[in-house]
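Number of protein chains: 2
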Amino acid sequence: MIGRKVALIGASMTRFGNLPEMDLLKLMVEPSLAAMDLSKIDLKGVGAIFVSNMLGDALSKQTSLGTALSDALGVYGIPAERIENGPAGASALRYAYLSVSSGESNIALVTGVEKMRVASTDVVTDYISSMSHPYAEYPSGATMPSLAGMFARLYMNKYGVKPEHMGMVAVKNHDNALKNPYAHLKKKITLDYLFGKDAATNNPFVADPIRLYDVAPISDGGAALVVADLETAKQYTDKPVIIEGYGEATDRLAVHEREDPTELRAVRVASQRAMEMAGVTPQDIDVAELHDAFTILEIAESEDVGFFKKGEGHLALERGDTSIGGKIPINTSGGHKARGHPVGASGIAQIVEIYWQLRGEAFGRQVEGAKLGLTVNLGGFGSNAVSFVFRRA
Amino acid sequence: MIGRKVALIGASMTRFGNLPEMDLLKLMVEPSLAAMDLSKIDLKGVGAIFVSNMLGDALSKQTSLGTALSDALGVYGIPAERIENGPAGASALRYAYLSVSSGESNIALVTGVEKMRVASTDVVTDYISSMSHPYAEYPSGATMPSLAGMFARLYMNKYGVKPEHMGMVAVKNHDNALKNPYAHLKKKITLDYLFGKDAATNNPFVADPIRLYDVAPISDGGAALVVADLETAKQYTDKPVIIEGYGEATDRLAVHEREDPTELRAVRVASQRAMEMAGVTPQDIDVAELHDAFTILEIAESEDVGFFKKGEGHLALERGDTSIGGKIPINTSGGHKARGHPVGASGIAQIVEIYWQLRGEAFGRQVEGAKLGLTVNLGGFGSNAVSFVFRRA
Numbered sequence: 001m002i003g004r005k006v007a008l009i010g011a012s013m014t015r016f017g018n019l020p021e022m023d024l025l026k027l028m029v030e031p032s033l034a035a036m037d038l039s040k041i042d043l044k045g046v047g048a049i050f051v052s053n054m055l056g057d058a059l060s061k062q063t064s065l066g067t068a069l070s071d072a073l074g075v076y077g078i079p080a081e082r083i084e085n086g087p088a089g090a091s092a093l094r095y096a097y098l099s100v101s102s103g104e105s106n107i108a109l110v111t112g113v114e115k116m117r118v119a120s121t122d123v124v125t126d127y128i129s130s131m132s133h134p135y136a137e138y139p140s141g142a143t144m145p146s147l148a149g150m151f152a153r154l155y156m157n158k159y160g161v162k163p164e165h166m167g168m169v170a171v172k173n174h175d176n177a178l179k180n181p182y183a184h185l186k187k188k189i190t191l192d193y194l195f196g197k198d199a200a201t202n203n204p205f206v207a208d209p210i211r212l213y214d215v216a217p218i219s220d221g222g223a224a225l226v227v228a229d230l231e232t233a234k235q236y237t238d239k240p241v242i243i244e245g246y247g248e249a250t251d252r253l254a255v256h257e258r259e260d261p262t263e264l265r266a267v268r269v270a271s272q273r274a275m276e277m278a279g280v281t282p283q284d285i286d287v288a289e290l291h292d293a294f295t296i297l298e299i300a301e302s303e304d305v306g307f308f309k310k311g312e313g314h315l316a317l318e319r320g321d322t323s324i325g326g327k328i329p330i331n332t333s334g335g336h337k338a339r340g341h342p343v344g345a346s347g348i349a350q351i352v353e354i355y356w357q358l359r360g361e362a363f364g365r366q367v368e369g370a371k372l373g374l375t376v377n378l379g380g381f382g383s384n385a386v387s388f389v390f391r392r393a
Numbered sequence: 001m002i003g004r005k006v007a008l009i010g011a012s013m014t015r016f017g018n019l020p021e022m023d024l025l026k027l028m029v030e031p032s033l034a035a036m037d038l039s040k041i042d043l044k045g046v047g048a049i050f051v052s053n054m055l056g057d058a059l060s061k062q063t064s065l066g067t068a069l070s071d072a073l074g075v076y077g078i079p080a081e082r083i084e085n086g087p088a089g090a091s092a093l094r095y096a097y098l099s100v101s102s103g104e105s106n107i108a109l110v111t112g113v114e115k116m117r118v119a120s121t122d123v124v125t126d127y128i129s130s131m132s133h134p135y136a137e138y139p140s141g142a143t144m145p146s147l148a149g150m151f152a153r154l155y156m157n158k159y160g161v162k163p164e165h166m167g168m169v170a171v172k173n174h175d176n177a178l179k180n181p182y183a184h185l186k187k188k189i190t191l192d193y194l195f196g197k198d199a200a201t202n203n204p205f206v207a208d209p210i211r212l213y214d215v216a217p218i219s220d221g222g223a224a225l226v227v228a229d230l231e232t233a234k235q236y237t238d239k240p241v242i243i244e245g246y247g248e249a250t251d252r253l254a255v256h257e258r259e260d261p262t263e264l265r266a267v268r269v270a271s272q273r274a275m276e277m278a279g280v281t282p283q284d285i286d287v288a289e290l291h292d293a294f295t296i297l298e299i300a301e302s303e304d305v306g307f308f309k310k311g312e313g314h315l316a317l318e319r320g321d322t323s324i325g326g327k328i329p330i331n332t333s334g335g336h337k338a339r340g341h342p343v344g345a346s347g348i349a350q351i352v353e354i355y356w357q358l359r360g361e362a363f364g365r366q367v368e369g370a371k372l373g374l375t376v377n378l379g380g381f382g383s384n385a386v387s388f389v390f391r392r393a
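In order, the protein sequence lines correspond to chains A and B. When the first sequence is numbered by the numbering used here, its final residue is 393 and no position is left out of the sequence of numbers. When the second sequence is numbered by the numbering used here, its final residue is 393 and no position is left out of the sequence of numbers.
Think of the hints as simulated: they come from the structure by calculation, not from any bench. Some hints here could point you the wrong way.
Since the list gives no way to pick out one identical chain from another, each pair is judged satisfied if it fits inside one copy or across any two copies.
When the alpha-carbon atoms are kept at most 20 Å apart in a straight line, the in silico SDA-like pairs for lysine to any residue are as follows [to be verified]:
#, residue 1, residue 2
1, 310, 1
2, 61, 125
3, 179, 217
4, 188, 121
5, 187, 283
6, 44, 118
7, 40, 154
8, 61, 141
9, 158, 218
10, 40, 106
In this text the structure is predicted, and so the values were computed from the model without any measurement.
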């Protein structure tokens, strides 16, 4: 690719959770101002705005969020748009990358936002399911949890994954979230809590074998990144986080039409592309945020990005390889599972966490000496994936 | 800016109108396949997909349209997203430009789509109004027609524009649409029809002074462009249409907060930027498509892009300067007013028209010898504008 090196110079997020006092605009403005303030840039320096959001029109009856954020910040005369890729909001950073890399802008703002707790769980689940196949899945009543149930069942049959392995993802990510002040779910859980004698009440089935604690919560939240070309970046910080590579890939929309429905091909292709562009291998990565909207997805992705052989992710998890202090810590933020999953903001929040980790600012959950970080953000049930590789300068 | 020259090598659109037989997916697939077929590219050659759409989730309960189109075309492993900028869907071409210019892809597909006639006029009008200011306009019941009414009244008071001038835009654009097989409204109208003794029934008030024929219809439709770097483009056609410049700019979201509410500052800034990048002046442009969601907007934009002095657009219209055969023909397609206005597709359809004009393929409405074309696509009530300058190779 032709263009300039691009880096992150600021990052921030709101607490994720049930935030009745925050509407869409406030959820965008608060982290945007904080990220700009932390990066020390002048408001007038922002050359382009990219907003990632999935359901603003359907749930909050608000469109043109890019323009609305530009207006609320008082930055006029610049490009500003909304990008929607299901929950794969990290797509917005791809555009900021292209804008800054090409010289269209020198500094860009990327803000992810979702206001979900304005509607009931069934309404939100229905709208989220609107990213499934419009003929082959959605009209048959396929929801994301029901697809996850079938996906998990296949995984269990094929690779010997047990419900307790999915539970281990939840326990690990809840533990990590306890150390993250921005996380939605701050609750210590144990395998005994999830599968012991009170399992039926503590952890009821959502879509067998998927149980309540296998599913990310419905959250409100916003997250923001300040992006700059490397030369500009160095004027503002001696700790820029460099975007070394990215990749995005689509797969078949309907899960049952995939050659091997247990393989997340989009994750494999997007991550390979990102690592190839960065000139690194999966074994070089020090810390990763993967898209654990369902616990089984973290296990599957840890294989499809190449950290572990296919079918062995659950064994690595068992060994503690993916815990903080392990070989390749995954979802130190708590992940979508426990940090929360405001769909348009989650992909940006993953990158905020990696930014903190690579700058040594992930207090209490820091991966010591982390130099290279990777994020994987999914759209649909794996029909689209966006991966990024970041390096500490 | 750094990067390669970028050109259009294919363009197509569905007929715009009330298309009950076409859902969102069909409205995307039909023009996409046609544009790819006309450009003679191989399906496998598509390196990225950009879908512009405003209301898919709210009106059709469908999200992730980029992924859905990638899947329907059978092109996997590529980036594919949806861009929303109110009705400023031409934003999607900006991203395709950046993708192709940077070398991220060599060939990209840009598809605009909107399925509006699934809901009643009041529901659609409400959702369209969701791009107004979320505190200062929308909750007060401001709709796009009501804002247009106030805008037109100011224009009439300040510049001596008369209702008949707005009617002249409608008459001209309806005339042009009669020569466009893809247009929604195929109806010859006259000033007597609009303002004669039957005006109250033929052309009732919507928001005084705005009447029925001052407002674009609510349409279904899809439109698509195939974009390539110039070197690749030349392998497929000896008539590429080169993207010489583009600009996008935001303005204050709330119309009444603008210093001069009759000035479309976003249009001025975006168009100046596009022409500066292209190295041309307004007087060099041979044909233009402007965003006439309301007839008064065509008059205002014809001034703000620099074709005419501020306040003199209606005089130029009177003289026939903007008719086919005039000095600078505007909206030869029929414009949003008569070609139709499926909001996410309209901005792409404008570019399809310019593509045809610059290749000499606008049969029956051809601007003879057209070499340079300009498009202006609005978001909100002028709070965002996207301009492009195209040149015949």
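The hints, checked one at a time:
In this homomeric assembly, residue 310 and residue 1 never come within 20 Å of each other (Cα to Cα): the closest approach is 31 Å inside a single copy and 43 Å across copies. Proximity of residue 61 to residue 125 under the C-alpha cut-off of 20 Å is found in both arrangements, the shortest distances being 17 Å within a copy and 12 Å between copies. In this homomeric assembly, residue 179 and residue 217 come within 20 Å of each other (Cα to Cα) only inside a single copy, at 18 Å, whereas the closest approach across copies is 54 Å. Neither within a single protomer nor between protomers do residue 188 and residue 121 lie at most 20 Å apart by alpha-carbon distance, with minima of 24 Å and 51 Å respectively.
Proximity of residue 187 to residue 283 under the C-alpha cut-off of 20 Å is found in neither arrangement, the shortest distances being 32 Å within a copy and 66 Å between copies. Proximity of residue 44 and residue 118 under a CA criterion of 20 Å is satisfied in neither setting, with 33 Å inside one chain copy and 42 Å between copies. Taking the shortest alpha-carbon separations for residue 40 and residue 154, neither the intra-copy value of 49 Å nor the inter-copy value of 41 Å comes in at or below 20 Å. Taking CA atoms no more than 20 Å apart as the test, residue 61 paired with residue 141 passes between copies only; the shortest distance there is 13 Å, against 24 Å inside one copy.
Proximity of residue 158 and residue 218 under a CA criterion of 20 Å is satisfied in neither setting, with 30 Å inside one chain copy and 51 Å between copies. For a Cα distance limit of 20 Å, the shortest separation of residue 40 from residue 106 inside one copy, 14 Å, qualifies, whereas the shortest one across copies, 37 Å, does not.
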